[in-house]
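Residue numbers (our numbering), protein chains in the order written: chain L, 1 to 294; chain G, 295 to 621; chain S, 622 to 869.
One thing to keep in mind: the hints can contain errors.
[Stated by the list, open to error] Only part of the chain L face toward chain G is listed, based on derived beta-carbon distances under 10 angstroms: (1) V40; (2) S58; (3) L61; (4) L102; (5) I164; (6) V235; (7) F272; (8) L280; (9) P283; (10) F287.
[Said to hold, decoys possible] Okay, the calculated beta carbon distance ranges per label pair: (11) L:L280 <-> G:E444: 38 to 48 angstroms; (12) G:N436 <-> L:P124: 25 to 35 angstroms; (13) G:A376 <-> S:F637: 51 to 61 angstroms.
In case anyone wonders, no lab produced these hints; they're calculated from the structure.
The C-beta atom is built at its ideal place from N, Cα and C for all residues, glycine as well.
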Amino acid sequence: MFDITPQLFALQLMTGIALGAIYALLAIGLSLIFGMLTVVNFAHGAFFMVGAFLGVYSMALTGSFWFSLLLVPLATGAIGLLCERFLVRPLYGRGIDYPLLLTFGLSYVLIDVMRFTFGIEGLPSSTPPELRGSVFLGFGYFPLYRLFLIAATAVIVLGLWLFIEKTRYGLIIRAGSRDAEIVKVLGIDIAKVWLLVFGIGTAIAGLSGLLAAPTRAVNPEMGIPLLAESFVVTVVGGMGSLPGAVVAGLLVGVVFAMTSLVAPEYGELSIFVLMAVVLLIRPQGFFGKAGLMS
Amino acid sequence: MKKFLVSALVFARGHRVATALLFLLIFPFLMPYDALSVNILIFGLYAVGFNLLFGYTGMLSFGHAAFLGVGSYLAGISVVSAGWPWWAAIGVGVASSCLAGLIIGFLAIRTRGIYFSMVTLALAQIVYYIFYKSERWTGGENGLRGVKVEAIELPGIRIDFLNPLNKYYVILVFVALALWFVSRVLNSPFGAVIEAIRENEKRAAACGYNVARAKLLVFVLSAGICGLAGALRALHLSVVPIDSLHYLQSGQAVMMCLLGGMGTFFGPFVGAAVFLLLEDVVTNLTRYWMGVVGLVFMFFVLFFPKGIWGTLLYQLDRWQNRQGKAL
Amino acid sequence: MSAVPILEVRAVSRTFGNFRALNNVSVAFRAGELTAIIGPNGAGKSTFFNVISGGVPPSSGQVLFEGRDITQIAPHDFARIGIAKSFQITNVFKQLSAHENVRVALQMQVSRFQLLRPRGAYVALMERADALLERVGLADIRHKLAGDLAHGQQRSLEVAMALACDPKLLLMDEPTAGMSPEETRVMMGLIQQLSQERTVILVEHKMKLVMGLCNRLIVLHHGELLVDGNPDEIRGNAEVRRVYLGQN
Chain L
1 MFDITPQLFA LQLMTGIALG AIYALLAIGL SLIFGMLTVV NFAHGAFFMV GAFLGVYSMA
61 LTGSFWFSLL LVPLATGAIG LLCERFLVRP LYGRGIDYPL LLTFGLSYVL IDVMRFTFGI
121 EGLPSSTPPE LRGSVFLGFG YFPLYRLFLI AATAVIVLGL WLFIEKTRYG LIIRAGSRDA
181 EIVKVLGIDI AKVWLLVFGI GTAIAGLSGL LAAPTRAVNP EMGIPLLAES FVVTVVGGMG
241 SLPGAVVAGL LVGVVFAMTS LVAPEYGELS IFVLMAVVLL IRPQGFFGKA GLMS
Chain G
295 MKKFLVSALV FARGHRVATA LLFLLIFPFL MPYDALSVNI LIFGLYAVGF NLLFGYTGML
355 SFGHAAFLGV GSYLAGISVV SAGWPWWAAI GVGVASSCLA GLIIGFLAIR TRGIYFSMVT
415 LALAQIVYYI FYKSERWTGG ENGLRGVKVE AIELPGIRID FLNPLNKYYV ILVFVALALW
475 FVSRVLNSPF GAVIEAIREN EKRAAACGYN VARAKLLVFV LSAGICGLAG ALRALHLSVV
535 PIDSLHYLQS GQAVMMCLLG GMGTFFGPFV GAAVFLLLED VVTNLTRYWM GVVGLVFMFF
595 VLFFPKGIWG TLLYQLDRWQ NRQGKAL
Chain S
622 MSAVPILEVR AVSRTFGNFR ALNNVSVAFR AGELTAIIGP NGAGKSTFFN VISGGVPPSS
682 GQVLFEGRDI TQIAPHDFAR IGIAKSFQIT NVFKQLSAHE NVRVALQMQV SRFQLLRPRG
742 AYVALMERAD ALLERVGLAD IRHKLAGDLA HGQQRSLEVA MALACDPKLL LMDEPTAGMS
802 PEETRVMMGL IQQLSQERTV ILVEHKMKLV MGLCNRLIVL HHGELLVDGN PDEIRGNAEV
862 RRVYLGQN
């Protein structure tokens, strides 16, 4: 077991980072929705799954991966917009648990809708032809697609960061997350902001599903373990913190991969243990504000 | 007719355990088949345990399957691996789920609100993965098999446990004990403390109550009751499926509680009965049970958050208030 | 007669981010006194109150109760050691009756983790609750929900709850806030009575009220201790006048 060469180590590290990229994207969507709406989207894993399905379908239909990259987040974002407007919004005054409960029920519906549409077995997914093959990284050959994954995530995170830090809409989102009253006073319709943020969150979830599709089995249940894992990332990084989501996402991915290297089959367990440890020593997560959690 | 219903409801509220038992005694004769009654009884107990935490303390745990599952598995393992009698197995199931509740509760109570929900879900998944991997003891993916209890031997009587109706009444004894216990706790000084905490935590602390410790105690009690339900389930099914520990099983407790009425005494049983009856009916009509239950649940969250029994009680209160004003 | 001050605040500071709410404040409170913490808006009165009542820990410095360091103790331990408080924004159990509010506060003394005996068995508690309610003038509305009470009644209820743990030290944050003149008169009468039996520290911003009532006034300004003395000394103090009149 311990004949792990530095090359193998490095390759596995890269695998971890690729996995972490997906976790980071998921956690970003979750944190955005939470930070802005104080809603924990229990349907986040389901939106991921829907994105994967729509992605595979659209690739089969149009033959273009790049077109799907555009189409899928729009589709899942649109579904998210509808859900926020008609299902989540009526619950805002009621108590923080209700939107959570609703999204939990929503996840059930999304899973069966996908089963109904695409069958219970799922769809076969493969790497888009342009991104097949491996690249030599100096310490070994690494799948091109996973490199693309890491790069794509970096681009998305950068784009998101620019949007939030540099644009007017992003300013509104940042302001709103700290004080809904101020935003209202400025004459901005806070409901529209919530709608938009929920849509962006689910769009990112769907996009991450599409990006992840070539690397795993695409079936209606694929989002279920992922929901729990994205909670781990948000606890570790700090709920509501976007840098936290990115850093924790990568960390969790790497922990998973490296544990799988030395103790295969214990990957999932290791990341939950990581979460338990963080809970013990720093319950608000690495980037979270103290007092937010307890 | 209305007057009769009202007085029945008022009586029910004042004598909760007796009413529950009365109803549960005749319940199997209202249901299409006995195995369904047993299921409703067991999951009703599971929901009662969950309701103690969520309904009365306001803490939304998404990890209660851990206690159902730990109770099931440890009871099952006592029978299968250690060859212990059924009553010892139940004891082990309850004790181990209390312990699990202590550990998970200790970690989870450091957070609150929605974080608590997320954390309990994730902590319960740890339990899931641990049991999943421990194939030698738990059977892994295939679950634990061979929890065979064919007869309950009591001094003088031998009850055939394989007969579903017998099973029902044996299990009812334990459910009755649990309900009695829950009722006592709710009526006790400690019950007042958790009411106060749910009402206004800061205030309760200002009065001098150690809020964290009180919450932990409720958590452990809740876990123990769910563990009892789990142990009984293991004896009932003779197997323990690995999904008992999955967070979807936790979600089921949430759903049953909300459907029936959180924070009410009978709500969990009503919820469990409605849920399982619905499942029985729907799965015969379509394979998309998950979608149907999701829709039903969302409908209740949006329009009937008090649940069936809770709404009934609320209407009763309003009616009584209006009568009071008229006098 | 003990020489140890009942409550002592030593070099306490509290910052919130960049804002220094309290700066190196030291005060010793003697047992049996009725002291008021006063000062214009933003002087740090609320922060000071929160520090001495366990609402917020100081960023530096110590708080001592009867000589014991209580700076780090948990909020729920305050009632146990004999310090009770009433909040600035009324904080009662809204869905419980007035009687139940006080009964719950009293129950702390008797049992916390009793699981099996019914509440009704603790008759003595219920009688004591009624006695306290009578003391604050709420005996006739004992069954009303606390949330349905008038504002002044809710504040009186809070006092009853604070008295439940038989505190040596009673801390009150703006006890007459939002009260009508009649309600204020009643509350001040109650406070005067209470100050005969225990040490009372008030935070108030209505100068007139405290002048006639308290033995001692502590004036805070911009988070610092400005003047500490009896009403006559405060009245004649030019600094105080400047600070208050400057605000107008």
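Practice problem: Grab the minimum C-beta distance from L102 of chain L to chain G and call the hint holds if it beats 10 angstroms, violated otherwise. | Solution: Cβ of L102 of chain L sits 5 angstroms from chain G, so the hint holds.
Quiz item: Holds or violated: 51 to 61 angstroms for the Cβ distance of A376 of chain G and F637 of chain S?
Solution: 58 angstroms, holds
Self-check item: Hinted contact V40 of chain L with chain G - closest CB pair below 10 angstroms
Solution: It holds, given that the least Cβ distance between V40 of chain L and chain G is near 5 angstroms, below 10 angstroms.
Self-check item: Agreement of hint V235 of chain L with chain G interface, Cβ distance less than 10 angstroms
Solution: 6 angstroms, holds
Quiz item: Regarding the hint that F287 of chain L lies at the interface with chain G, is the smallest CB-CB distance below 10 angstroms?
Solution: 14 angstroms, violated
Practice problem: Return the status of the interface hint for I164 of chain L: holds when the least beta-carbon distance to chain G is below 10 angstroms, violated otherwise. | Solution: I164 of chain L check fails; min Cβ-Cβ to chain G is 22 angstroms, beyond 10 angstroms.
Self-check item: chain G contact restraint for L61 of chain L - C-beta distance below 10 angstroms
Solution: Since the shortest Cβ distance to chain G is 24 angstroms, the answer is violated.
Quiz item: Does the Cβ distance between N436 of chain G and P124 of chain L fall inside 25 to 35 angstroms?
Solution: Taking Cβ atoms as reference, N436 of chain G and P124 of chain L lie about 27 angstroms apart, which means the hint holds.
Quiz item: Taking the CB of L280 of chain L and the CB of E444 of chain G, does the distance hold inside 38 to 48 angstroms?
Solution: Once the Cβ atoms are compared, 45 angstroms apart, the range 38 to 48 angstroms for E444 of chain G and L280 of chain L holds.
Practice problem: Under 10 angstroms, Cβ to Cβ, is where P283 of chain L needs to be relative to chain G, so tell me if that hint holds or is violated. | Solution: Holds, because the Cβ-Cβ distance from P283 of chain L to chain G comes to roughly 5 angstroms (cut-off 10 angstroms).
Quiz item: Is the interface hint for L280 of chain L satisfied, with its Cβ closer than 10 angstroms to some Cβ of chain G?
Solution: This interface hint holds because 7 angstroms falls under the 10 angstroms limit.
Quiz item: Holds or violated: is the Cβ of F272 of chain L closer than 10 angstroms to a Cβ in chain G?
Solution: 4 angstroms, holds
Going down the numbered hints, you'll see the structure goes against 2, 3, 5 and 10, while the others check out.
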